[in-house]
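Novice: Since chain A is already given, all that's left is putting chain B with the ligands on it; use the hints.
Line order of the protein sequences matches chains A and B. With our numbering as the guide, the letters of the first sequence map in order to residues 543 to 836. With our numbering as the guide, the letters of the second sequence map in order to residues 542 to 887.
Incorrect hints may appear among the rest.
What the hints assert, rightly or not - DSS-like cross-link-like pairs, simulated, lysine-lysine; straight-line CA separation at most 25 Å: (1) B:K798 to A:K652; (2) B:K798 to A:K676; (3) A:K700 to A:K645.
Said to hold, decoys possible - Derived contacts from chain B toward chain A, CB cut-off under 7 Å, selection only: (4) D780; (5) I788; (6) K877; (7) A880; (8) H881.
What the hints assert, rightly or not - Label pairs and their computed distance ranges (CB to CB): (9) B:R797 to A:K568: 38 to 44 Å; (10) B:I695 to A:E729: 17 to 23 Å; (11) A:Q659 to B:S742: 34 to 40 Å; (12) B:R586 to A:K652: 53 to 59 Å; (13) B:L709 to A:E604: 28 to 34 Å; (14) B:V568 to A:Q666: 55 to 61 Å.
Bear in mind the hints are in silico, worked out from the structure with no lab data behind them. Every value quoted in this text rests on a predicted model; they were computed, and no experiment measured them. Positions of the beta carbon are idealized from the N, C-alpha and C atoms, including for glycine.
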Amino acid sequence: MANYLDISHVSMEFPTKNGPFKALDKVNLKIERGEFISLIGHSGCGKSTVLNIVAGLHQATEGAIILEGKEVNQPGPDRAVVFQNHSLFPWLTVYENVEIAVKQIFKGKKSRAEIKQWVEHNLQLVHMSHALHKYPAEISGGMKQRVGIARALAMEPKVLLMDEPFGALDALTRAHLQDSLMEIQAELNNTVILITHDVDEAVLLSDRIVMMSNGPAATIGEVLHIDLPRPRDRLVLADSPEYNHYRAEVLTFLHQKQAKPDVPMTNKGQQSAPENAQGAPVKKPPELKQVVGG
Amino acid sequence: MQSQAQSFMHHTIRYMNLAGFSWLTPVVRLAMGENPREQAQEIARRIGLPLAAILMFLAFWSTAAAQIDTSLGKFPGPAAVYAAGQSLWQDHQASREKETAFYQRQEDRNAKKLAANPDAEVKIRPFTGAPTYVDQIFTSLKTVFTGFIFASVIAIPLGVACGLSPLLNTAIAPIVQVLKPVSPLAWLPLVTMVVSAVYVSEDPLFPKSFLNSAITVTLCCMWPTLINTAMGVANIDKDLINVGRVIQLNWFTQVRKIAVPASLPAIFTGLRISLGIGWMVLIAAEMLAQNPGLGKFVWDEFQNGSSESLARIMFAVVTIGFIGFVLDTVMLSLQKMVAHDGEQQH
Ligand SMILES: Nc1ncnc2c1ncn2[C@@H]1O[C@H](COP(=O)(O)OP(=O)(O)O)[C@@H](O)[C@H]1O
Ligand SMILES: [Mg+2]
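One chain only, chain A, in its complex shape (with noise of 0.2 Å):
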């Protein structure tokens, strides 16, 4: 099945006070079933956008998400998404937090007890069997990242999209998730989209890795097949020509082909150029005005 999910002519208008502002423009991109596809590109270039759009969060202002050959254009489900900062429910434990997802979508398909086996299930695939009662303020930052991928691999999602999962946590952290990540794909075989600013991230994680050029007007600028051999191992791949080859190249695109022009590239073309040059911003929730009466 080639057409699994198509991305089809999508272009985005944002509605300004200075008048409408075009994020994106005619993006195209088919992605094959259990494809693992990788969307890189400078900050505020569209890669959300490009995401919320196939999630149904936002709607394109033209073009279409075209799912196994059915249009779809409300947020459902079958394309679960994993938020940068974890988005889970502070006021429910971790096991409740993928229950009430289960819970919705399996109603009526599942009995209590098989809904109780599928939310542990899931979380014993990201290695949180530990602390199903506690609260996520309780847990730390890569664990609470490891449920919200829990409760979107609960939904058993046709695709899944990730937005700069890891990109708020340590390096060590990442890898970590980085690795349990490859673990679950090799044994569920997901059809994946993930954001990321990571360069290595990007090559060791995908199948294909989807460079954007910069906005306004933002759209695919090249996309790079990475033929490594599964399963990848992050210590192998580091001395291993190909690797870097592919890194260059990702690299090449973003410092020199898309080079930011408000951003001094002093190393321009090196092959040290800083992979993580523009640390995408941490979002963090608005904070809470409280307000004071009387």
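Specialist: Same frame as chain A, now just chain B with the ligands:
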């Protein structure tokens, strides 16, 4: 063993923090033999310091009071106020004894009657003594909670609606801003007239004066809850809403399972401010509405003008302040309980 004691201590401290007794934690730590020197310093700081300030305040009060001559005699100092408190307590106990005796007498009489004639009709007449100071306190609490509950029942759903709908919020914001600063003294005459006109019944469930005070409390204290709830709902993390959309919760479930729990901390912040305002406003409302309660007590003593009146009023002031403090502490504990950022204690 060691670790069990530790965990016991941590639990105790956690509950004390929740209940607003965090100033007692060094005492617990000291009792558990943790770092005696540090704990002693902590006790001196957190208990000793406020205690010293209270003593200084009492000293200032009693010297200042001795300087003030009123038409009812000297302004009462702490000692006079303490004595007034004692006498109010004795009055209360005396009244309760009378009441018990009154019912006992009736029961004895009825028992005798029944012994003589098993078919005799027996009645128990209710005791009709004047309400004591303690009764007044409970009336005031009942009134303020009635008003507060009315306010919450109106303000929370309305606040949720405003938070969900920017249109509704924009529409009613000016009305709220104008009504918010209105004093209870302005509301009361209006409430009184409306209640008299609307609430007509032969055998009313509540006295009118009670309703007047409670509704005035409602009108004055609903605004902080309304505003905070709206703000809390409007500021929910967008991603949480999006999770709800992805799993396709319907609108009502979205509100019930996401919007309301997510804004509970904001709602409780509002409720706490509301209850504080309600209690403050109640005394004025009771005074004017002649609803039995602490406000009426103060007013009656003022009208009496006996030599003990000022001390009694001052005792009422202390009582009002203390109850306000307790109410605030309780609300603060509730607020901490629903807070999501549960600080890690282990
Ligand atoms: N709701 C919106 N209204 C207006 N502009 C938006 C909105 N969302 C995103 N944008 C703009 O669209 C562009 C792409 O944003 P985004 O997809 O978040 O970028 P990325 O995820 O690649 O960092 C940015 O210039 C951003 O300012
Ligand atoms: Mg983004």
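Novice: For every hint, state whether the structure bears it out.
Specialist: Hints, one by one, checked against the model:
no.	hint	result
1	B:K798 to A:K652	holds, 21 Å
2	B:K798 to A:K676	holds, 19 Å
3	A:K700 to A:K645	holds, 18 Å
4	D780	holds, 4 Å
5	I788	holds, 5 Å
6	K877	violated, 13 Å
7	A880	violated, 9 Å
8	H881	holds, 4 Å
9	B:R797 to A:K568: 38 to 44 Å	holds, 41 Å
10	B:I695 to A:E729: 17 to 23 Å	violated, 53 Å
11	A:Q659 to B:S742: 34 to 40 Å	violated, 59 Å
12	B:R586 to A:K652: 53 to 59 Å	holds, 57 Å
13	B:L709 to A:E604: 28 to 34 Å	holds, 33 Å
14	B:V568 to A:Q666: 55 to 61 Å	violated, 45 Å
Hint compliance for this structure: hints 6, 7, 10, 11 and 14 are not met, and every other hint is.
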